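Visitor: Below, each chain spelled out in residue letters.
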Amino acid sequence: MLALKLAFKNLLGAGLRTWLNVSILSFAFVLIIFYNGLLDGWNRQGIKDTKEWEIGEGQFWHPEYDELDPFTIQDAHAPLSEKIQKLVNENKLTPILISEATAYPQGRMRSVVLKGIDPKQTISKIPSAGLETTEKGTFAIIGKRMAEATKLKEGDNMLVRWRDKNGTYDAREIQIAAIFKCNVPPVDNGQIYVSLDVLQEMTNMPNEATLLVTSKDFEGGELENWAFKDLDFLLKDFHALISAKKGGASIMQIVLLVLALLAIFDTQVLSIFRRQKEIGTYIAMGMTRFQVVGIFTVEGGAHSILAAIVGAAYGIPLFIYLDKVGITFGTPDMGITISETIYPYYSVQLIIMSLLLVVISATIVSYLPARKISKMKPTDALKGKLQ
Amino acid sequence: MKKNISILISILFFTTIGFAQTADEILDKVDKNMSAENRIIESSMIIHGKRNSRTMTSISYSVGDKQSFTEYLSPAREAGTKMLKLENQLWIYSPSTDRTIQISGHMLRQSVMGSDLSYEDMMDDRKLKDVYSSTVIGAEEIEGRKTHVLELTAKVENVSYHSRKLWVDADYFVPMKEELFAKSGQLLKQTTLSNIKKIEGRWFPTKMVYKDMLKQGDGTEFIINDIKFNQKIPEYIFTKAALKQ
Amino acid sequence: MIKFLFKGILRDRSRSLLPVIIVSIGVLLTVFLSGYFTGVFGDIIDINAKFTSGHVKIMTRVYAENKDQVPNDLALMEVGELKTKLNLEYSEMEWVSRTHFGGLIDVPDENGETRAQGPAAGRAVDLFSPESQEIERMNIGNSVVKGVIPTKSGEAIISDDFAERFSVNIGDEVTLFGSTMNGSMMFHNFIVSGTIRFGPAMLDRGAIIIDITDAQMILDMEDAASEVLGYFKDGLYDTEKAGLISASFNEKYSNVNDEFSPQMFKLEEDAGLDEYLMLADSMSGVMITFFIIAMSIVLWNTGLLGGLRRYSEYGIRLALGEEKKHIFKTIIYEAILIGLLGSVIGTILGISLSYYVQETGIDFSNIMENTTMMFPQVFRTLVKPAHFFIGFIPGLFAVVLGNALAGFAIYKRKTAQLFKELEV
Chain A
5 MLALKLAFKN LLGAGLRTWL NVSILSFAFV LIIFYNGLLD GWNRQGIKDT
55 KEWEIGEGQF WHPEYDELDP FTIQDAHAPL SEKIQKLVNE NKLTPILISE
105 ATAYPQGRMR SVVLKGIDPK QTISKIPSAG LETTEKGTFA IIGKRMAEAT
155 KLKEGDNMLV RWRDKNGTYD AREIQIAAIF KCNVPPVDNG QIYVSLDVLQ
205 EMTNMPNEAT LLVTSKDFEG GELENWAFKD LDFLLKDFHA LISAKKGGAS
255 IMQIVLLVLA LLAIFDTQVL SIFRRQKEIG TYIAMGMTRF QVVGIFTVEG
305 GAHSILAAIV GAAYGIPLFI YLDKVGITFG TPDMGITISE TIYPYYSVQL
355 IIMSLLLVVI SATIVSYLPA RKISKMKPTD ALKGKLQ
Chain B
10 MKKNISILIS ILFFTTIGFA QTADEILDKV DKNMSAENRI IESSMIIHGK
60 RNSRTMTSIS YSVGDKQSFT EYLSPAREAG TKMLKLENQL WIYSPSTDRT
110 IQISGHMLRQ SVMGSDLSYE DMMDDRKLKD VYSSTVIGAE EIEGRKTHVL
160 ELTAKVENVS YHSRKLWVDA DYFVPMKEEL FAKSGQLLKQ TTLSNIKKIE
210 GRWFPTKMVY KDMLKQGDGT EFIINDIKFN QKIPEYIFTK AALKQ
Chain C
1115 MIKFLFKGIL RDRSRSLLPV IIVSIGVLLT VFLSGYFTGV FGDIIDINAK
1165 FTSGHVKIMT RVYAENKDQV PNDLALMEVG ELKTKLNLEY SEMEWVSRTH
1215 FGGLIDVPDE NGETRAQGPA AGRAVDLFSP ESQEIERMNI GNSVVKGVIP
1265 TKSGEAIISD DFAERFSVNI GDEVTLFGST MNGSMMFHNF IVSGTIRFGP
1315 AMLDRGAIII DITDAQMILD MEDAASEVLG YFKDGLYDTE KAGLISASFN
1365 EKYSNVNDEF SPQMFKLEED AGLDEYLMLA DSMSGVMITF FIIAMSIVLW
1415 NTGLLGGLRR YSEYGIRLAL GEEKKHIFKT IIYEAILIGL LGSVIGTILG
1465 ISLSYYVQET GIDFSNIMEN TTMMFPQVFR TLVKPAHFFI GFIPGLFAVV
1515 LGNALAGFAI YKRKTAQLFK ELEV
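Taken in sequence, the protein lines are chains A, B and C.
So for the first sequence, our numbering puts the first residue at 5; every next one is plus one.
So for the second sequence, our numbering puts the first residue at 10; every next one is plus one.
So for the third sequence, our numbering puts the first residue at 1115; every next one is plus one.
Treat the hints with caution; some may be incorrect.
Think about it this way: if two alpha-carbon atoms lie no more than 27 Å apart in a straight line, the pair counts; the simulated DSS-like pairs of lysine-lysine are [said to hold, decoys possible]:
hint	chain 1	residue 1	chain 2	residue 2
1	C	1181	A	157
2	C	1181	B	59
3	B	41	B	136
4	B	224	A	169
5	B	224	A	148
6	B	224	C	1181
7	A	169	B	75
Treat the hints as calculated values from the structure; they're not laboratory data.
Since this is a predicted model, take the numbers as computed values, not measurements.
In isolation and in its complexed conformation, chain A is listed as follows (with noise of 0.2 Å):
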């Protein structure tokens, strides 16, 4: 307790340089914090949207039907039995149909998915209610991206062929009806939204679907004939972005831990040089070398106490300020899901730890010079004579 207040006092006491030490080191702290909460904010963020827009709770896929082999399409479809139908009404489930079918927009060919999805559902957040209507006509929403790759806008229509269960071909024209803003990129790219009962009749296979999204009232269990995927296996290349992303964070908070600790370590130098007479005095006055040594350290290990107290000072305001205005990244189409803005998340878990990692790292380095202390001559250093 003594070696704590002496600690801040002597601290407190060398003015400036402290305060340097301590600006260096929490700023350390706080960018740690903030480029770890970053990258969990995206990863939160990115997780939410992709079950919201997406893939909900988990999926039910037809056991034939591969995402990444649109030939599979085609035969990946089944009748909703009577069990399913009741969740869907009860709002635990909403099934898709998928059909690969060509577009014609503006006299281009494009090959695009076309997906019938219930007006009425609310599991996913894709305006599916934009397609009830009593106009006539087929009506379709898409995805902005997608606006701009075919250069479509609200209103215009576009000849889609496709076949239906038995191979015949049809086609029509499509009207756009609406425009959504998705930053998840698969619900958006090629993917061309119509009403599940046109798409069933478009397609001739009524009541049937080629996957059923799950909502959070979902209670799990198996479903005969359609194969559950969880969402660690929908959001696998996710995860692993993230992961990589916390790997090359990892580097970061190295560095920039090794240049706090420096300066730490300099300082330590540095006063036990200019203090040798105190050291001295504290020794002759009948502390064991130990003691004294523990004072160093302590002082030393000190700098990342006021680091936090300083680095909480301006770090949970601008926290906070960032967290309500967030961070714009703009809408990059990188094929994998983030955030226009990212709110960062600073988990309890993550204060603590890095909090831990600050202190301990920074006890270790004042540890190190004070240990000369040791093999100091007590004559030699009440005289300030040891260089």
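Starting from the structure of chain A, add chains B and C where the hints point.
Guide: Below, chains B and C without anything else, positioned relative to chain A:
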């Protein structure tokens, strides 16, 4: 491939039982011209690409509707490439790789060498009368010749084209034009047939132009240079082993 | 005097060693971290550039409009002549041709008939030219799972998933079936020299990579290519320069009325990365600035420390009659020497380290759960010309500033007090 196309054509017009009296009569007469026990065709296919056009020549042998064998003669790149169709299976052999590749499933829906035809278009060997019910819906003149206009509507489910419209020359009973439609009535493909010649006592169109109406471009031309009916075609030619010879 | 001071620094290790080491480490960290930030923030852009967009990309106008269909019949022609012009007029970039192709990969049984087949998503890049950097650029070397990268015509490297699924082994022959640029049927047998896994399933599905010369031959694309990509020779994307180059190129060679005329797109136009690019730039800029400030504080501290340590020396020197001004001057000169020495050493070490990491990367794949991600599993720095002098800011200026601050104390000291420092 030539052969497959000819098969396709023969199939299109080969009918057995009549539904609508006059339409069936017309189709029967067409059939007399177009179909045969077997035949050997030498043909050229001209594919008009966006940048250039290519001509391929081939010789094909067919027996009935189910078996056909085609060998490409030119250009050099294609020469020696062979195609065998048995029932609903298709194999392609390439001499350069000495490989026999089966074309199945989704590949059948792809366009054949950038033409306006898909493998599937070439493969469908069902008789029109089995698949469509037909009615005469009028008479029109095409290039100064009188034609019967027939409308064919699918009566079975698994067809690529839900309906067709056929213009048949009123004197020769040879099709002059055909249009293929989607369920919605959207025109998808168009075939025009011309250069009708009398061969071995029957009238036969020797030039056909296929056009995918949704695709830009000038379509694919198919020209029959030589056609022989009722020849002796050895049975072994329709085996996979023959591909490698 | 400089010579004298220099000798002093060299001979008096307490004066030189610690400060030089600290300055060196500081500069090293600054240089390395600057390179690292540039690398890490740019990684998504970088991967995009390397795999698909180039720093700039040239396609025919009509190919660009239909690029999702890989329409090789609309590919660029007279690529040789085009590249000659490009190399002449835009020599700051390296120009490479790449070709994409589709089709089927067909695996034969013992009779040469189809045993298994799957759709191909092919890429043809320059694997064989000794000067080609494509293997490195696309990280093909590190993505090889089994076997090796093709070294001669007729070899291909295919998706590891595909090979696993259909039990294709290294040395097996597979047939690529597709169509040539003219639409003719294309068959070609390739020996599987190796298998590859980039990570994202989208890139791996049906992947087959062959040399561009093989592609030219089998696809009838002599002197043609799907696209010509330009990469800045220093490896770094400069959006302004890319904009100027593409504007000037399009002005000269692109013709709205000729759909087969070439059109150049810069990275963000092709990949839709505009905003991310700006953000990454400012983000790494902010980080580096912060870092330099922090480093400056540390080194200033070092300088201060160096000065303080020697108060007694200054006391004696003052006592001996040396002018304060002169002492101050020597302090500054010494600081400059130490700062320079440290900065040079630190910069050399930092740049070497950065280059090393740029070339080999820091491999995190072992500690990461999912080793299949092509994304920054291996972290790389990027060495920019700026990194050659960036370390001098903290290394030289901060040290000198620190020493100067310590030196000012000399003016404040009274001679009597200085003698007190001399207490023996």
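Visitor: For each hint given before, does the structure comply? Return the numbers of the non-compliant ones in rising order.
Guide: Per hint list: zero violations.
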